[in-house]
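Position chain B relative to chain L; hints supplied.
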Amino acid sequence: MATLELKQITKSFDDTHVIKGVDLEVNDREFVVFVGPSGCGKSTLMRMIAGLESATSGDILIDGQRMNEVGPADRGLAMVFQSYALYPHMTVEDNMGFSMRLAGISKDKRREKVLEAAKILQLEPLLDRKPKALSGGQRQRVAIGRAIVRNPSIFLFDEPLSNLDAALRVQMRIELARLHEELDATMIYVTHDQIEAMTMADKIVVLQGGEVEQVGSPMELYHHPRNRFVAGFIGSPKMNFIAVERVSSDGEGVTIKLPGGETRQVPIDGAGLSSGAALELGVRPEHLVLDEQGPMEGCIQVLERLGGQTSLYVQMGDSLLTIMADGDVAYRVNDSVRFGFSSDRAHLFDADGLSLAKLHRHPLAGLRRQDNRAPSDAVDQ
Amino acid sequence: MTTAKHSSVPSTSAAPLERSALTSALLNRRLWLGVLGWILALVIFFPIFWMIVTGFKTEAEAIADPSLIFSPTLENYAEVQSRAGYAKFALNSVVVAFGSTLLALLIAIPAAYSMAFLPTKRTKGTLLWMLSTKMLPPVGVLVPIYLLFRDTGLLDTRTGLVIVYTLMNLPIVVWMLYTFFKDMPKDILEAGRMDGAGTLQEVIYLLLPLTLPGIASTGLLAVILSWNEAFWSLNLTSSQAAPLTAYIASFSSPEGLFWAKLSAASTMAIAPIVIFGWLTQKQMVRGLTFGAVK
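If you read the sequences in order, they're chains L and B.
For the first sequence, counting from 1, position 363 maps to 363 in the working numbering; every step adds exactly one.
For the second sequence, counting from 1, position 282 maps to 663 in the working numbering; every step adds exactly one.
So that you can see chain L by itself, here it is in the shape it has in the complex (with noise of 0.2 Å):
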């Protein structure tokens, strides 16, 4: 039905490089998100797919035709946006059905695709009402239904939740989710926010200061980041970065000195890495170990219970790491614990903050987000 091809692809404001030089590749039917900082481009990027923003240089192909000289309205696109960007003086009805009046489509038909989009999103009882008299999450629906009566190729979608409470974005999320299965159309999607990049996306692209760190499926980035930067953004709370020593590498993997003099051996490939190399090692907070025998300790600053689960903020050192433990621990501020980590899910980057390859790939990292359901399970959350 569609595919993006998007061919070293740069933005320059004046003297300011935004982008520089994308490869990205979209295939038929996919959910891509972009994810990244503030000020990283994803926003820029998607406006140069919409046509909104031209590009500086570079080839923006949609199934395999050059857009880069096309309109906005004619690249087959819809595009939802953070502000909803609803007409404040036009019906829910002629919101919707705006671009078929600016097409000359005549007034019936004009309602039957409508009412048709308005059964999707059950905004059939909102039709004759004006934007400000709607709650956010009906907005942000009429903003969809909006993009679904073009009938686009490719959905395109703009920090869309950002502007909705925590209860109705998960709730928007799933029934995003559910949108992007019932309409089979592709669809890019930008946010800052990782947990609706993991639980949306088929593909997740990081971007920063204009470039693509990585790009892979959910698993794939959680289990193998390629840098530094990438492992720190994916997964939340964040990962913990520790300085640690190379003390000899093998088969079997690195023996690296931990800060309180222990050695451990993790399984990655440690081939080229000369004797004492400074390196950094990375474990998530639900990948660290409370454990009297461990080898790491720390002082205890702040403890936030979750119930299920409690989060200990521990002073090692310089560094402030961030276990997560069981609900039930029984220690407080000031204490002292120690604490060790499963080595088979810890990583390792170099000095250039890239990782060092493991030595075993993780089984889910290839898991495609259809492969979580039964195949009559339509709902995907």
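Bear in mind the hints are in silico, worked out from the structure with no lab data behind them.
Think about it this way: if two alpha-carbon atoms lie no more than 30 Å apart in a straight line, the pair counts; the simulated DSSO-like pairs of lysine-lysine are: (1) B:Lys-502 x L:Lys-20; (2) L:Lys-132 x L:Lys-113; (3) B:Lys-567 x B:Lys-663; (4) B:Lys-567 x L:Lys-7; (5) L:Lys-7 x L:Lys-20; (6) B:Lys-563 x L:Lys-130; (7) L:Lys-130 x L:Lys-119; (8) L:Lys-238 x L:Lys-20; (9) B:Lys-563 x B:Lys-515; (10) L:Lys-119 x L:Lys-109; (11) B:Lys-563 x B:Lys-502; (12) L:Lys-130 x B:Lys-663; (13) L:Lys-130 x L:Lys-109; (14) B:Lys-505 x B:Lys-563; (15) B:Lys-563 x B:Lys-663; (16) B:Lys-515 x B:Lys-663; (17) B:Lys-567 x L:Lys-107; (18) L:Lys-130 x L:Lys-113; (19) L:Lys-132 x B:Lys-567; (20) L:Lys-130 x B:Lys-567; (21) B:Lys-502 x B:Lys-515; (22) L:Lys-257 x L:Lys-238; (23) B:Lys-663 x L:Lys-132; (24) L:Lys-358 x L:Lys-238; (25) B:Lys-563 x L:Lys-132; (26) L:Lys-107 x L:Lys-119; (27) B:Lys-567 x L:Lys-113; (28) L:Lys-107 x L:Lys-132; (29) B:Lys-567 x L:Lys-20; (30) L:Lys-132 x L:Lys-109; (31) B:Lys-567 x B:Lys-502.
Residues from chain L shown here face chain B by an in silico Cβ test under 10 Å; the list is partial: (32) Ala-50; (33) Leu-77; (34) Met-79; (35) Ala-85; (36) Leu-86; (37) Arg-101; (38) Arg-146; (39) Arg-150.
Just so it is clear, CB atoms sit at the ideal spot from N, CA and C, and this is done for glycine as well.
Frame of chain L; chain B shown alone:
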């Protein structure tokens, strides 16, 4: 226990006292501000009031010691009307004020659109430069404009006056529309573009309906400025295209100064615009304070 009791005694008795002192201070402040406001309003309105009153006096009463006790007469209005046709001047005023406003809006809307939505490095400078032309004394360009009008046959024509008023108001109209357009969420126009709207459709279906209050108050201001303008109308018109400002001026001429008639003529000249301004004051205030208070 004793300390608690001790401390509670003064606090309960002092609180209402303080509160009443505070409210009375506030009331006082409000009262004085109110009085001051009324005095200021009276000072501003007094000349207009006096003009209206004088219009109902006889010529003798008008130059006698100022007094509010007299028997009102309509003879000035009758005489003024018989000497110079009010209607012709009024029609000129209406045509010229609304015509120039319409023309200014037609030119300013595209100009403000491009400045607000497609700005370049020089947009801000251009705007300031345009506004700076308002600081030039009009008399400085009187001779060249007079000569141009004479050679092109625009002297004493409504068309000529419409052109001058349009040019005169254009900077302020562009500036005001620019601030209104700037305030319009860009996303909405972009959504329109995604929906297939060209620039013209974008302006007609989205920009104009959404900035209508701003455009209306800009238009109102332009109408009032054109209506009240006297310098150009006195210098560029004589009989055919003369608006109400020229009508007033015609009563201060050769035979001497007739205060009562002059007052009656002035009252008639300003009445339409005062009523118009009064009816639209809400819109006007909104437009003029826009951007300042948000």
